[in-house]
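A.B. asks: Each chain, written out:
There are 2 protein chains.
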Amino acid sequence: MSTPSNSNVEKSGFREAMCRLSSAVCVVTSDGPAGRLGFTASAVCSVSDDPPTLLVCMNRMSQQHVPLRENGVFSVNILNGEQVDVSALFAGVGGLSTAERFERVAWATLVTGSPVISDCVASCDCEISHIHEFSTHSVIFGNVVALRLSEPCLPSLSYFARKYHSLEAH
Amino acid sequence: MSTPSNSNVEKSGFREAMCRLSSAVCVVTSDGPAGRLGFTASAVCSVSDDPPTLLVCMNRMSQQHVPLRENGVFSVNILNGEQVDVSALFAGVGGLSTAERFERVAWATLVTGSPVISDCVASCDCEISHIHEFSTHSVIFGNVVALRLSEPCLPSLSYFARKYHSLEAH
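Top to bottom, those sequences are chains A and B.
Quick note on numbering that gives the first Met the number 0: the first sequence kicks off at 0 and runs consecutively.
Quick note on numbering that gives the first Met the number 0: the second sequence kicks off at 0 and runs consecutively.
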C-alpha cells in the first residue's frame, strides 16, 4: 500500500467527477429510540451476499447521523422513475419537517420498524452490522433482514450529471 | 447498534434487489509491482471530498484482488454510453488475457501508472488509503490523486435490471 501523497485534485474537480458517477436515487429511513428520520442518498452500494450486506455513506455533520446510529437500523428505498418528488422531499426541498415528510408518502414497516416507502423498485430493511469512520463520512454497513420488491420491476430513478433519469427494466 | 439477527433473506432475493440498484459501469485498473490488471465493477461510490476519496467493493476470491492490493494504486474509469464492449471485455466475456484486453482499448497513465482508459466520462487515479475487510469482500478506499474528465460530458453507461442503458448529460 502506497503512502498517500498530497493530492493535487481540487474538491471542485472531484465533485464534478462524482456527479458523473451515475447512481440510483435512494431514500434511507430509520425509526427507533432516537426517532424517525429519512434522507435522500446516492452513495449506496452492494457489499456481499453472505450475509446479505449493503453500505451507505453518510456525512457525519448531518443532523440525522447520530439518530440513525442510535436506532441501529435503517431501510434503503430504491426510488422508481416517477418518484422525483419523493427524492426532493427527503433531500430537504421545501424545508418540511420529518413528520411532514412522512405524511406525504405512503409507507409501512417490515422487520426493523424503519419506514419502507411504497412503490419503490426495491426496499432493503437493515440492521447496522458495522460502521467504518472515514474522515467527514461514516460508511454504514447494513445486514439486510427483509426485502420488498415491486412486481413487475418498476423503472428506476437514476441521477447523472445533476439530472434525473428514468431507466426502464425491459 | 442492534445485535444482528439471523436474516431470513435468501441470497437470490438479495441479488435481485441489488440488480435493481442502478449504477454506473466502471472499469477498475491497476499497474505496479504485481502487474497490470483490470476488471469491470459496479460497486463504486463516492465517500468524501476531504480528502477526495471513493471506494470500490471487490470480491476477495478474485484473482486480481491480491495484485491490486500489492500495487497499492488503481484507477476508476467511468465508462461512456457507447463502451458496452469495454465493459464486456473487462468482465471477462471472450476470455481474453489481461494483455489482450489492454491491447483492445486506448489508454494512458496519469500519476499512479494505472491505465486510464480513453474516452471515459471521468477517470479517477487513486492511491489506496485504507482497506476494510467485510466477509467475502474488501472495501477499498482510494485517495484520488489525479482526474481526467471528458469535455463536454459524454453520456454515461449505466446498468439496471441486468441491462445496459445510456444516460445523456443534457
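Possibly wrong hints are sitting among the right ones.
Note: identical chains are not told apart, hence a pair may lie in one copy or across any two.
[Stated by the list, open to error] Below, computed lysine to aspartate or glutamate pairings styled on EDC-like, alpha-carbon distance capped at 20 angstroms:
1. Lys162 to Asp30
2. Lys10 to Glu81
3. Lys162 to Glu150
4. Lys10 to Glu150
5. Lys10 to Asp48
6. Lys10 to Asp49
7. Lys10 to Asp30
8. Lys162 to Glu99
9. Lys162 to Glu132
10. Lys162 to Glu15
11. Lys10 to Asp84
12. Lys162 to Glu69
13. Lys162 to Asp84
14. Lys10 to Asp118
None of these hints come from the bench; they were simulated from the model.
A.B. asks: A separate judgement is required for each hint: does it hold in the structure or not?
C.D. replies: Status of each hint after checking the structure:
no. : hint             : result
1   : Lys162 to Asp30  : neither (30 angstroms within a copy, 34 angstroms between copies)
2   : Lys10 to Glu81   : neither (32 angstroms within a copy, 28 angstroms between copies)
3   : Lys162 to Glu150 : between (26 angstroms within a copy, 17 angstroms between copies)
4   : Lys10 to Glu150  : between (41 angstroms within a copy, 18 angstroms between copies)
5   : Lys10 to Asp48   : between (34 angstroms within a copy, 6 angstroms between copies)
6   : Lys10 to Asp49   : between (35 angstroms within a copy, 7 angstroms between copies)
7   : Lys10 to Asp30   : neither (34 angstroms within a copy, 25 angstroms between copies)
8   : Lys162 to Glu99  : neither (25 angstroms within a copy, 37 angstroms between copies)
9   : Lys162 to Glu132 : neither (29 angstroms within a copy, 34 angstroms between copies)
10  : Lys162 to Glu15  : within (13 angstroms within a copy, 26 angstroms between copies)
11  : Lys10 to Asp84   : neither (29 angstroms within a copy, 32 angstroms between copies)
12  : Lys162 to Glu69  : neither (33 angstroms within a copy, 38 angstroms between copies)
13  : Lys162 to Asp84  : within (13 angstroms within a copy, 26 angstroms between copies)
14  : Lys10 to Asp118  : neither (36 angstroms within a copy, 22 angstroms between copies)
The structure shown violates the earlier hints numbered 1, 2, 7, 8, 9, 11, 12 and 14.
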